[in-house]
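Protein chains: 4
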Amino acid sequence: MNFRSDNEAPVNARIMEAIIAANNGFEESYGYDSYTNKLQQEMQNLFGCWCDVIPLTTGTSANSLAMAISTPSYGSLLCYETAHMMTDECGAPEFYSGGAKLIGINGKNGKIDIKLLDKHLAGVGVHGEHESLVSAISLTQSTEAGTLYSMDEIKQIKAIKEKYGLFLHMDGSRIANAVAATGCGIAQMTWKSGVDLLSFGATKNGAMIAEALVVFNPKIGKEIKRMRKRAGQLISKMRFVSAQLLAYLEDNLWLDLAAHANKQAQSLYRALQSTHEFIYPVQANEVFLRLNPKDIIQLQKLGFEFHVWPGSADIIRLVFSHATQSKHVVQLIEALKKP
Amino acid sequence: MNFRSDNEAPVNARIMEAIIAANNGFEESYGYDSYTNKLQQEMQNLFGCWCDVIPLTTGTSANSLAMAISTPSYGSLLCYETAHMMTDECGAPEFYSGGAKLIGINGKNGKIDIKLLDKHLAGVGVHGEHESLVSAISLTQSTEAGTLYSMDEIKQIKAIKEKYGLFLHMDGSRIANAVAATGCGIAQMTWKSGVDLLSFGATKNGAMIAEALVVFNPKIGKEIKRMRKRAGQLISKMRFVSAQLLAYLEDNLWLDLAAHANKQAQSLYRALQSTHEFIYPVQANEVFLRLNPKDIIQLQKLGFEFHVWPGSADIIRLVFSHATQSKHVVQLIEALKKP
Amino acid sequence: MNFRSDNEAPVNARIMEAIIAANNGFEESYGYDSYTNKLQQEMQNLFGCWCDVIPLTTGTSANSLAMAISTPSYGSLLCYETAHMMTDECGAPEFYSGGAKLIGINGKNGKIDIKLLDKHLAGVGVHGEHESLVSAISLTQSTEAGTLYSMDEIKQIKAIKEKYGLFLHMDGSRIANAVAATGCGIAQMTWKSGVDLLSFGATKNGAMIAEALVVFNPKIGKEIKRMRKRAGQLISKMRFVSAQLLAYLEDNLWLDLAAHANKQAQSLYRALQSTHEFIYPVQANEVFLRLNPKDIIQLQKLGFEFHVWPGSADIIRLVFSHATQSKHVVQLIEALKKP
Amino acid sequence: MNFRSDNEAPVNARIMEAIIAANNGFEESYGYDSYTNKLQQEMQNLFGCWCDVIPLTTGTSANSLAMAISTPSYGSLLCYETAHMMTDECGAPEFYSGGAKLIGINGKNGKIDIKLLDKHLAGVGVHGEHESLVSAISLTQSTEAGTLYSMDEIKQIKAIKEKYGLFLHMDGSRIANAVAATGCGIAQMTWKSGVDLLSFGATKNGAMIAEALVVFNPKIGKEIKRMRKRAGQLISKMRFVSAQLLAYLEDNLWLDLAAHANKQAQSLYRALQSTHEFIYPVQANEVFLRLNPKDIIQLQKLGFEFHVWPGSADIIRLVFSHATQSKHVVQLIEALKKP
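Protein chains in written order, with the working numbering: chain A, 5 to 343; chain B, 5 to 343; chain C, 5 to 343; chain D, 5 to 343.
If you are wondering where the hints come from, they were derived from the structure by calculation, not from laboratory data.
Backbone N, C-alpha and C fix where the C-beta goes; we use that ideal spot for every residue, glycine too.
Careful: at least some of the hints might be erroneous.
To be verified - Below, a sample of chain D positions facing chain B; criterion: calculated Cβ distance under 8 Å:
#1 77
#2 99
#3 103
#4 105
#5 130
#6 154
#7 279
#8 309
#9 310
#10 314
#11 317
#12 318
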């Protein structure tokens with residue numbers, strides 16, 4: 005019973021069927037195929053605006069390309085202190101951007117504290133050329149803590165990015181969970197709220213190997229195809245990536261899969277909220293729970309797989325995915341209630 | 005009737021079945037799955053030696069990681085003047101290696117002239133620290149011209165790399181075609197002939213999205229997993245890449261597919277050798293043919309797809325793949341004979 | 005009356021004389037001159053050990069080369085949260101190291117909190133290849149706050165660097181002030197206390213354009229000359245840099261100049277310690293003082309030049325240099341006492 | 005008797021006096037001093053146009069910054085096959101530009117063959133994103149072979165750069181020799197002939213440590229000060245660099261010094277033209293001469309210092325500088341005539 009990561013889940017059946025269907029004779033390579041072409045259109049329909057869609061195979065490359073086109077090598081990007089870009093990509097954003105700087109801003113519940121962000125920005129520039137040129141802000145939505153920036157918070161960040169002339173990136177590795185959880189439209193959550201660049205994740209939510217960088221701001225990324233190529237990210241048989249994304253979008257599959265995952269997280273939360281300590285608000289598909297280390301071992305013995313949080317021997321992370329079975333969640337709740 | 009690129013061919017059915025079979029419940033992510041684990045073993049069986057196998061999604065990333073671990077940022081790598089690394093990867097090798105230099109060596113038939121290579125190396129070092137540190141040599145096998153380095157030539161290059169203390173990389177984007185064509189074993193063609201690093205291609209020869217960097221020399225690449233991660237190349241659901249490679253190796257599928265492609269090229273060559281000018285010896289699955297530009301247009305009108313070679317209005321490239329149908333080759337031969 | 009920066013001070017007369025004396029006919033270029041040769045010897049005499057001395061023209065290049073040879077591109081270096089390397093070099097360390105990461109550790113009085121450092125290091129590695137490889141620690145001595153790491157603190161850091169297998173860099177932009185203030189020998193403060201790499205500053209303390217990177221650890225920096233060259237830091241007429249450093253070392257000029265600067269800072273501190281708030285202990289040649297903003301303006305009107313600290317309208321920084329005149333300090337004390 | 009390099013010559017007396025005169029009390033650091041300010045004005049007077057002047061300490065950093073602001077990391081720059089940037093800067097241009105590509109164009113007499121250049125450019129772009137974006141051309145004037153691009157040749161290159169929308173850089177490490185030799189004004193030779201960026205050398209021609217990058221095109225280099233800083237090239241006591249350049253320009257000192265050097269080269273050429281083989285036309289201050297290896301050894305025994313050209317045991321390079329004494333040239337001529 006795997007609650008370790010949505011990355012460990014299998015591929016959704018409809019996405020697998022789309023891959024099989026795409027294996028139909030010859031197709032032009034390197035993104036000039038009919039699937040990738042159609043994907044551009046479908047994504048523009050989804051967002052209701054012009055956008056440039058760059059199919060990729062990893063979220064790290066999406067985030068890193070986003071940094072590379074929004075932040076010059078002598079620049080810096082502000083993100084949450086322990087955002088994925090900061091701590092879990094082995095310096096990929098710095099690499100892709102030619103050595104630009106990530107600067108961490110602290111906050112509660114896995115989110116940038118907006119006042120701290122504003123205060124930090126008010127202080128930049130006094131060192132002139134001795135200082136990196138602050139260029140962009142990155143939010144993760146839903147966050148690494150399984151929480152959400154509210155629409156109001158995103159709008160406050162939009163005001164800040166405009167005040168300081170910055171680009172806004174959203175790491176949407178789990179954007180589907182955020183959209184499904186809030187009922188707020190994805191256009192509203194992204195470009196209508198000032199997002200210039202979105203890492204649109206699909207792999208964690210049912211795809212096999214499929215992510216996309218979506219560029220809403222036509223001022224940046226004019227040479228992003230060359231940058232993708234030199235990053236070693238230009239897939240020759242790209243039709244098989246684009247076909248996954250097309251199936252993912254069709255009939256709102258992406259939202260159904262995310263809603264399922266979120267629902268599992270909520271059912272656990274509701275069952276245990278009065279008896280257990282939840283580290284963060286449960287708003288998407290990740291749950292952080294404080295448990296007695298002895299109880300953790302007991303759970304593991306029962307066959308439940310999850311991460312004990314690095315540095316905190318009494319906190320576990322449970323991730324719910326499109327493939328999580330309700331009966332396993334019921335078993336998990338029972339096991340957690342017992343001790 | 006597509007003779008444009010083996011990258012445009014579909015996925016072999018056995019490889020597709022392996023992908024489907026791998027979609028079986030949860031598996032650990034980021035390369036710690038059972039498929040990737042088994043792949044290490046199968047590759048070591050194939051080569052008959054220890055090696056470190058790094059599954060990847062593009063040949064460019066394989067070549068670029070190879071350069072990054074063999075050539076320091078203040079170093080240089082020697083390759084054929086118009087090798088893929090030099091002209092078709094948009095600077096990816098330079099990027100991955102932190103700005104190291106590719107130096108082109110000329111030669112006939114798409115191959116480094118071994119005497120020129122030796123002469124170039126004899127002259128390096130006189131400028132001391134003003135000069136990049138020459139660190140590696142890269143061969144493409146089979147070459148971008150559809151030719152082969154003979155075993156004797158590879159051994160001469162081995163002697164040179166040892167004389168100057170360099171690493172030897174083989175860009176094996178089409179290594180299967182080379183092995184199938186020569187009947188020489190892959191161990192013989194690679195590590196037994198001094199190859200330290202092999203970009204082992206599979207996508208062009210029937211896989212969907214699957215390449216591997218194979219490191220034979222334990223002195224280099226100790227931190228290659230971190231380098232893969234920061235290159236944005238660490239696939240989360242890696243089982244689906246490794247499963248392709250496992251099926252590719254099983255029962256010598258890789259050699260059968262390549263032999264089929266080579267055979268098609270040979271049949272065209274034999275049919276036309278006395279009437280047409282072949283730019284290079286036909287030794288693998290690519291054919292370069294001189295044609296009257298009017299005849300080129302005529303061929304295109306008949307539905308044959310191929311590249312007219314950049315810069316040469318009277319040269320076309322025909323690529324034969326695992327999926328090329330013999331009847332299409334017959335039609336192509338007839339069409340070429342007519343005018 | 006300039007208390008703004010020791011970088012604004014003139015060149016000491018003996019150093020200027022050495023420059024003039026070096027302008028004597030032809031000399032081999034690019035560091036193969038007799039001055040640079042002699043400098044290697046004199047530095048080894050100073051430190052009482054083997055070391056590799058790399059003359060440079062900026063402290064930023066010394067720090068950045070130090071990072072580049074101790075921290076791979078996929079690595080990270082730990083330094084004080086607002087160390088010069090972190091906030092005032094516009095990303096040069098990241099640039100030189102090919103995109104490696106600087107990670108800030110907090111603390112009091114401009115110094116890394118040693119317990120926090122140890123705690124941070126205890127937590128690294130759990131993310132495996134997703135995480136940068138922690139490789140080095142950097143201390144600034146004397147610090148950007150005008151304070152000193154005690155010998156005991158340096159030894160504790162030595163124990164930590166050994167525990168985790170890291171390199172230790174010292175940013176000695178003002179090392180002379182630290183050595184002069186403590187009376188502790190420079191060998192004791194550096195390599196005998198585990199320092200592998202020292203940025204040895206001279207420009208702030210009386211030289212014109214002269215810094216050096218001193219490498220004590222023969223395991224690193226074997227190709228540092230190539231790295232200096234490709235950083236654009238190989239001065240052709242290097243004799244004029246080395247001649248400055250030779251004069252700087254001769255008869256302990258460097259210590260005399262630093263002792264003068266420190267003494268001025270102390271005299272101000274003693275005169276005002278009971279009446280004014282000093283932000284940090286006054287241990288070298290920099291003083292941070294809290295003043296009423298109105299009094300700051302008054303001081304400026306009287307002709308005193310200094311920095312109002314960015315982000316703190318009621319804190320000023322006073323820097324004392326080899327060229328600070330005692331009578332100006334007396335005037336400054338009087339002016340500060342008045343209001 | 006040193007004919008090895010103008011880099012080995014001493015500093016001109018007037019420049020040394022300017023350095024001494026600049027050592028006058030405190031001055032603002034990091035380029036905000038009065039000397040650097042005045043230099044901007046004097047350079048604009050010299051060129052008769054707006055330009056941005058970036059004082060630096062090495063020609064390599066000037067060339068590399070020029071590449072970094074004209075050529076993106078996914079781009080390429082065309083230069084002569086063995087230009088200094090290509091072979092003698094240990095990859096600094098690649099480093100500063102984040103891994104961009106230098107592409108060599110062949111030609112006679114150390115100069116790009118203009119027809120080959122045009123032909124090369126006519127062929128670029130066909131590989132789309134697989135190919136680096138060609139962005140700039142670089143000329144060395146006077147060239148590494150001691151020759152000159154004629155005004156007519158520069159204008160032809162201007163036409164090409166405009167045809168393809170490229171930037172034009174001039175490596176003017178020895179620009180003074182070119183201007184002095186032709187009598188053509190420096191404005192005419194640079195921005196009036198399409199040069200966007202000039203590496204303006206002074207060190208080889210009598211300065212101590214002083215170069216400048218001159219940017220004529222306001223479209224590029226807006227953040228060049230940050231790029232200089234992160235390259236470790238922002239000199240704190242910059243007044244001492246700018247003071248050299250001011251003295252260098254004053255009363256056309258730079259042209260007088262270069263004319264002297266050129267004249268020495270010419271006198272040797274005239275004396276020996278009918279008896280000796282000159283490898284290249286003698287047009288500036290460098291002479292390449294074919295000699296019997298035995299005669300080379302004899303010359304060395306007589307105390308003449310020069311480079312035997314790497315890879316050619318019977319070619320020597322003689323460099324004449326502002327400090328070359330006529331009597332030494334007379335002796336050299338005599339010695340060369342004897343055998």
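Hint-by-hint comparison with the structure:
1. 77: 7 Å, holds
2. 99: 4 Å, holds
3. 103: This hint holds: residue 103 of chain D lies near chain B, its Cβ roughly 4 Å from the closest one there, short of 8 Å.
4. 105: 5 Å, holds
5. 130: 4 Å, holds
6. 154: Not OK, violated: residue 154 of chain D not within 8 Å of chain B, min 29 Å.
7. 279: 29 Å, violated
8. 309: 17 Å, violated
9. 310: 15 Å, violated
10. 314: 4 Å, holds
11. 317: 12 Å, violated
12. 318: 15 Å, violated
In this structure, the hints that do not hold are numbers 6, 7, 8, 9, 11, 12, in rising order.
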